[in-house]
Amino acid sequence: MMGHQLVHDWLTRNGWSPGRDIGEHADELIQVRVRDTERQEAPLTPVPAAVRFIHTYGLLTLSHPTVPGVAWVVKPTVGYDGDAASIRELALGLGVEIFPIGYETSEQGILLVDETGRFFHLHHTGGYYLRENEFDAFSRFMGGVTDPDAEDFFV
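Quick note: the sequence shown uses my numbering, first residue 1, plus one each step.
Note that these hints are calculated values from the structure, not bench results.
Honestly, I wouldn't trust all of these hints.
With beta-carbon atoms standing in for the labels, derived distance ranges [unchecked claim]: (1) H124 to V155: 19 to 27 Å; (2) G93 to E41: 14 to 22 Å; (3) E38 to R13: 18 to 26 Å; (4) P43 to P68: 20 to 28 Å; (5) E41 to G3: 41 to 49 Å; (6) L6 to P148: 29 to 37 Å; (7) L6 to P43: 36 to 44 Å; (8) V96 to H123: 15 to 23 Å; (9) R20 to V78: 28 to 36 Å; (10) G69 to V96: 17 to 25 Å; (11) T77 to E41: 15 to 23 Å.
Note that beta-carbon positions come from the ideal geometry of N, C-alpha and C, so glycine has one too.
Kindly generate the complete structure, drawing on both the sequences and the hints.
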């Protein structure tokens, strides 16, 4: 795992700063996503941990430090048709509410945060656990650590 200072420096290089909050813009992005899940007839509820993350990191492209073209984009409005049902299915397995916060650029997988603050990745091959909190998830991403299957965390 990467140290806190390495993660902090990486975030800063990618446009983040302590106390950053995109304010009403975050709320607008969240509402766009909520309306889209309602349109898909699989409504999702924004969980406080996801809302806080979007406020703090929203609209940033967090580029991988060593792999060109790979990044996490914190924009919850990006998804694909039918993704809300897949997200709800993952949430059901986990036994918690979960909400999209953005996507990863390498294969367009959706990044999600659950109500406890854990991070997940919904990929076309299934759901994956990214770690317990944002620091651990960022550290894992930077280090290129393989993600365990989300099913290992089902209730």
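Here is what the structure says about each hint:
1. H124 to V155: 19 to 27 Å: This hint holds: roughly 24 Å between Cβ atoms.
2. G93 to E41: 14 to 22 Å: holds (20 Å)
3. E38 to R13: 18 to 26 Å: violated (37 Å)
4. P43 to P68: 20 to 28 Å: violated (37 Å)
5. E41 to G3: 41 to 49 Å: holds (45 Å)
6. L6 to P148: 29 to 37 Å: violated (23 Å)
7. L6 to P43: 36 to 44 Å: holds (38 Å)
8. V96 to H123: 15 to 23 Å: This hint holds: roughly 19 Å between Cβ atoms.
9. R20 to V78: 28 to 36 Å: violated (20 Å)
10. G69 to V96: 17 to 25 Å: Violated, at about 32 Å.
11. T77 to E41: 15 to 23 Å: For E41 against T77, whose Cβ atoms are near 18 Å apart, the range 15 to 23 Å holds.
Hint compliance for this structure: hints 3, 4, 6, 9 and 10 are not met, and every other hint is.
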